Amino acid sequence: MEFQFSSFAEFLAMNGHGPYVWVSYLVAAVVMIALAVAPLVIRRRLRREVAQELRLEEARRRAARERAEESRGAVATQ
Amino acid sequence: MAWQWFHRLGSPRWFYQKSSAWLPWLGVASLLLLLIGCVWGLGFAPQDGKQGNSYRIIYIHVPAAFLALAGYYIMAICGAIGLIWKMKLSFVVMRAAAPIGAALTFISLFTGALWGKPTWGTYWVWDARITSMLILFFLYLGVMALSGAFSREQSGDKASALLALVGTVNIPIIYKSVDWWFTLHQPATLKLTQASTIDPSMFYPLITMIAGFYLFYAWVLTLHTRTMILQREWRTQWVRELLGQTAPGRP
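If you read the sequences in order, they're chains A and B.
Here this note's numbering is used: position 38 in the first sequence is 38, and no number is missing along the way.
Quick note: to get this note's numbering, add 78 to the position in the second sequence (first position is 1).
Hints are computed from structural coordinates only; laboratory data are not their basis.
It should be emphasised that the depicted structure is a prediction, and the values quoted were computed from it without experimental measurement.
Virtual Cβ for every residue (Gly too), placed ideally from N, Cα, C.
There's no promise every hint is true.
Stated by the list, open to error - Restricting the straight-line Cα-Cα distance to at most 25 Å, the calculated cross-link-like pairs of lysine to aspartate or glutamate (DMTMM-like) are: (1) B:K166 x B:D257; (2) B:K166 x B:D277; (3) B:K195 x B:D205; (4) B:K195 x A:E2; (5) B:K166 x A:E49; (6) B:K96 x B:E311; (7) B:K195 x B:D126; (8) B:K128 x A:E10; (9) B:K128 x A:E49.
Said to hold, decoys possible - Pairwise CB distance ranges (calculated): (10) B:S229 x A:L12: 17 to 23 Å; (11) B:S229 x A:A34: 38 to 44 Å; (12) A:F8 x B:A227: 47 to 53 Å; (13) A:R47 x B:S229: 22 to 28 Å; (14) B:Q129 x A:A36: 28 to 34 Å; (15) B:K96 x A:A74: 22 to 28 Å; (16) A:Q52 x B:A237: 27 to 33 Å; (17) A:Q52 x B:K164: 57 to 63 Å.
Claimed, not checked - Covered stretches of chain A, as calculated for chain B (at least 3 residues, CB under 8 Å): (18) 11-21; (19) 27-37.
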C-alpha cells in the first residue's frame, strides 16, 4: 500500500476530479459535525431555561410566604 | 421478574445514567475509524480503472446511504415498540432518529449528485434509486414535522410513529430499485450472499468507513436521545439536579 499521488498538488487536483471529491467530503464533514454539536447547543439553552424557571418559582414562593406573614401580622394587631 | 429489564429499558432516567458510560468510547472509536477510513480512501486506495479519482466519493456515499436506510428501520421499529408497549423511551429514540436520518440521507443524495456529474455527465436523473431516496428524505422530514405538530406530546408520538411505519414500504423499493428498473445507478457491489464485486484494496477502506458510520450513528443517536430526555423530563427532580440546579426545598 502506498500513497497514490506523486505530489500534494496532484492529490488536491485528483486528475480534475478534485472539486467533486473535496466538496463531497467537506459537506459530509460539516453536516456530521453539526449533528454532533446540536445536542450541546440544545442542552445549554435548556439549562438557561430551567434556571430561569426555578428563579421564577422561588420568587413566587417567597411572595406567597410574605403575604401569609403580613396577613398573620394584621390579625395579631387587631 | 423476567420482564424487569424490559420495563427498566423503558425508563428514560435509567437509560440516561447507563448510556453515559459507553458514550465516550463510541465517540472515540467512530472518529478514529472515520479518520483512518478517510485517509485510506482518499490517498492510499488505488484509482478506479473506469472512473478515475471521482470514485473516492464512494467512501462517503455508500456508508451514508447504508445508515440512511438502517436509521429508518431503527426509527420505525422504535415507533412500533412505542405504539405496542406504550414505552416512553422508545418514542424519544424515534424522534431523535428522524433528524439524524434526514441528515445522512441528505449526505448520500448530495455526494451522489457530485459523483454523478463526472461519471454520468449529470447531477440528477429522475430514476428509481435516486427518486426513492428523495422520498426517504421527505419521509424523514415528514416524521420530524408531524412529531412537532401537536400540543400534546403523546399525540405527536403516535402520529409520527404511524407515519414512520407506513413509510417502511419505501425501504425494499430502494434496495431493489437498481434490479427492478433500468437505471444509471450501478447495482450493489457489496453482497451478503455472494462474493462482492470490489477489489480488496478498495473494500477494506470502505468497510472501515461503514463501521465508522455505524458507530457514529450510534454515538449521535445516543447524544440526541439523552438531550431529548432532559427536554421532556425537565420538571423532574433528577433532571433539575443534573442541570446543576438543585430545586429549592419546600418551605
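Structure-based check of each hint:
{"no.": "1", "hint": "B:K166 x B:D257", "in the structure": "violated, 39 Å"}
{"no.": "2", "hint": "B:K166 x B:D277", "in the structure": "violated, 46 Å"}
{"no.": "3", "hint": "B:K195 x B:D205", "in the structure": "holds, 15 Å"}
{"no.": "4", "hint": "B:K195 x A:E2", "in the structure": "violated, 28 Å"}
{"no.": "5", "hint": "B:K166 x A:E49", "in the structure": "holds, 23 Å"}
{"no.": "6", "hint": "B:K96 x B:E311", "in the structure": "holds, 17 Å"}
{"no.": "7", "hint": "B:K195 x B:D126", "in the structure": "holds, 16 Å"}
{"no.": "8", "hint": "B:K128 x A:E10", "in the structure": "holds, 19 Å"}
{"no.": "9", "hint": "B:K128 x A:E49", "in the structure": "violated, 56 Å"}
{"no.": "10", "hint": "B:S229 x A:L12: 17 to 23 Å", "in the structure": "violated, 52 Å"}
{"no.": "11", "hint": "B:S229 x A:A34: 38 to 44 Å", "in the structure": "violated, 28 Å"}
{"no.": "12", "hint": "A:F8 x B:A227: 47 to 53 Å", "in the structure": "holds, 51 Å"}
{"no.": "13", "hint": "A:R47 x B:S229: 22 to 28 Å", "in the structure": "holds, 24 Å"}
{"no.": "14", "hint": "B:Q129 x A:A36: 28 to 34 Å", "in the structure": "holds, 31 Å"}
{"no.": "15", "hint": "B:K96 x A:A74: 22 to 28 Å", "in the structure": "violated, 55 Å"}
{"no.": "16", "hint": "A:Q52 x B:A237: 27 to 33 Å", "in the structure": "holds, 31 Å"}
{"no.": "17", "hint": "A:Q52 x B:K164: 57 to 63 Å", "in the structure": "violated, 32 Å"}
{"no.": "18", "hint": "11-21", "in the structure": "holds (count 8)"}
{"no.": "19", "hint": "27-37", "in the structure": "holds (count 7)"}
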